[in-house]
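Number of protein chains: 2
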Amino acid sequence: MLRIPFDDVLARLAAILGNLGFTPDRARACARLFAETTRDGVYSHGVNRFPRFVSTIRNGSVDPAAEPSCLSALGALERWDGRLGPGNLNAQTCMDRAIALARAHGIACIALGNTNHWMRGGSYGWQAADAGFIALCWTNTMPNLPPWGAINPVIGNNPLVLAVPRPAGHFVLDMAMSQFSYGALENYRRLGQPLPVPGGYDSAGQLTSDPAAIEASQRPLPIGYWKGSGLSILLDAIAAVLALGNATHRLSTDPLRESATSQTFIAIHPAALGDAARQSQIADEIAASIHAATPADPAVPGRYPGEQTLRLRAENLAHGLPIDESTWSTISEM
Amino acid sequence: MLRIPFDDVLARLAAILGNLGFTPDRARACARLFAETTRDGVYSHGVNRFPRFVSTIRNGSVDPAAEPSCLSALGALERWDGRLGPGNLNAQTCMDRAIALARAHGIACIALGNTNHWMRGGSYGWQAADAGFIALCWTNTMPNLPPWGAINPVIGNNPLVLAVPRPAGHFVLDMAMSQFSYGALENYRRLGQPLPVPGGYDSAGQLTSDPAAIEASQRPLPIGYWKGSGLSILLDAIAAVLALGNATHRLSTDPLRESATSQTFIAIHPAALGDAARQSQIADEIAASIHAATPADPAVPGRYPGEQTLRLRAENLAHGLPIDESTWSTISEM
Chain A
180 MLRIPFDDVL ARLAAILGNL GFTPDRARAC ARLFAETTRD GVYSHGVNRF
230 PRFVSTIRNG SVDPAAEPSC LSALGALERW DGRLGPGNLN AQTCMDRAIA
280 LARAHGIACI ALGNTNHWMR GGSYGWQAAD AGFIALCWTN TMPNLPPWGA
330 INPVIGNNPL VLAVPRPAGH FVLDMAMSQF SYGALENYRR LGQPLPVPGG
380 YDSAGQLTSD PAAIEASQRP LPIGYWKGSG LSILLDAIAA VLALGNATHR
430 LSTDPLRESA TSQTFIAIHP AALGDAARQS QIADEIAASI HAATPADPAV
480 PGRYPGEQTL RLRAENLAHG LPIDESTWST ISEM
Chain B
180 MLRIPFDDVL ARLAAILGNL GFTPDRARAC ARLFAETTRD GVYSHGVNRF
230 PRFVSTIRNG SVDPAAEPSC LSALGALERW DGRLGPGNLN AQTCMDRAIA
280 LARAHGIACI ALGNTNHWMR GGSYGWQAAD AGFIALCWTN TMPNLPPWGA
330 INPVIGNNPL VLAVPRPAGH FVLDMAMSQF SYGALENYRR LGQPLPVPGG
380 YDSAGQLTSD PAAIEASQRP LPIGYWKGSG LSILLDAIAA VLALGNATHR
430 LSTDPLRESA TSQTFIAIHP AALGDAARQS QIADEIAASI HAATPADPAV
480 PGRYPGEQTL RLRAENLAHG LPIDESTWST ISEM
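For the protein sequence lines, the chains are A and B, in the order given.
The first sequence runs 180 to 513 under our numbering.
The second sequence runs 180 to 513 under our numbering.
Some clues are possibly wrong.
Claimed, not checked - Taking CB as the label site, the calculated pair distances span:
1. A:GLU464 <-> B:LEU181: 43 to 49 Å
2. A:GLY239 <-> B:ASP463: 29 to 35 Å
3. A:PRO230 <-> B:SER382: 57 to 63 Å
4. B:PRO477 <-> A:GLY453: 56 to 62 Å
Calculated from the structure, these hints are not laboratory results.
Quick reminder that beta carbons are idealized off the backbone N, C-alpha and C, glycines included.
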């Protein structure tokens, strides 16, 4: 594992994107989202994923020059066309637009269709919270999860992001509807470890914690079994209906061709309701209540979602971003 | 199990509420929400729960005469005070208000504090969908679930409702953040059945499907383990911060004194974006994709959330509402 300074990573990725058809500003913004994702400890969706992102530009799934545009609107609700541009830039633009509209209307929603993988969903939660806004946003994905009661993948793991701004550290949750991603199953298998909790069915239809058995059956579990399955369906429906975009069942199951997805961005302006001090106090008390819970393992105190991010961010800025040696070598040769 | 005609149930409950200080209109509206919940097959939160609701009026937790009022607003975002009125009427009023604001602004949010148990959350999803609106709403609850990694209840099961209108049958999801409620654990125990999937930890800290062991340890599982725990925390934070209301940790754990809760109601107006025919088609195709999944048990085809409700509704209207004999006897003597 290498440790590369944040600014060096940013400069290298931006240079590559500049050569792939991004304008200098957009190259830097897109590179920054990848670098910040690794900085914040979400290694699966940051710099390590950059070579795959470049492949989707080269194969035409992602159009580096395309910018999203508004197609129709009523007040605080707008429908945008992502025009198959870079998914992370499209998402950032739409969350910015939701924030601007929510500043005027109290709440706003941008429905984005025809976009691409947004990489780390949490980025847009942090973006909103840093601006002082509550956020709810989600994306659909290719079919990668059987709905409850079925054996073949028909629904998506549709990551959902919720964020609440707090001066002492935002609450930011970024969760997919699958209990474990295929990437996580692969990691456990390579380490020769069982999953910490059951993660799917084996080919005989028994619940199992064996990652290889789930990879073989292609039957990972939705979170909460029937509940996460239902939530995935509703998130997909809201995103696709509002965007007049593709629902999960219409998306390619080739990871390099998973394109033209649908997303929803909602921002809420808590300051519009006044009493920011009381709002912070309420959030602080919630954080304190989680910290005060009795841990099952005394060495592992309770955490609120987002709490670990600030620690990892500080560590990675101090010591450099941790990047797989082979990934950095690939990136250095691009 | 008795079968009582819908109109008879409605009239009986309304008469009781009229004697408890409800105006005639509010008595009928409140009674209707209970009767419709049973009509739609959610027996745990309908007429069977009515005697407990009456107890919370008699003990002063619920003020039958209190009506909610708007405290502050910016455009499509409003903060309301529930004034400790009947939770289901407060929720219905706030969803109505969210719908009216969303009709003008495209999307709207009502933050409601100081309210009471909303009974069946799905009621407000159906309400929005029947009006042609997408809805997201949720409530916090008393602490009844340990956060991930802890052994004592600090977070709530915070039911979350999502709804998408569809002429051929709305998508409506109504799910708590616990894998099984305490009521569900009790039902399985009384039937002498194990849970269909692990539902919590036993007192030794092992995952178990034994309902009695979980009742004893008081360690039911959040859906998706760490994921549902995080979602519960974020829903609580958004509801309490926007309403300037109580967070879960401040609520009484006595079910008859669980009062002054916080809720969030978001409505979105899809028709504002035009092309209702295309929106319906997208939703229909999603329903069809779920129906087309290969079921693990060929006798149990896939269903979208809300699909079963229409079947139960028709059956219960035709044959009368199924109500426990002892509950109806209690209600008849009120």
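Now for the hints, and whether the structure bears them out:
{"no.": "1", "hint": "A:GLU464 <-> B:LEU181: 43 to 49 Å", "verdict": "46 Å, holds"}
{"no.": "2", "hint": "A:GLY239 <-> B:ASP463: 29 to 35 Å", "verdict": "31 Å, holds"}
{"no.": "3", "hint": "A:PRO230 <-> B:SER382: 57 to 63 Å", "verdict": "49 Å, violated"}
{"no.": "4", "hint": "B:PRO477 <-> A:GLY453: 56 to 62 Å", "verdict": "58 Å, holds"}
In this structure, the one hint that does not hold is number 3.
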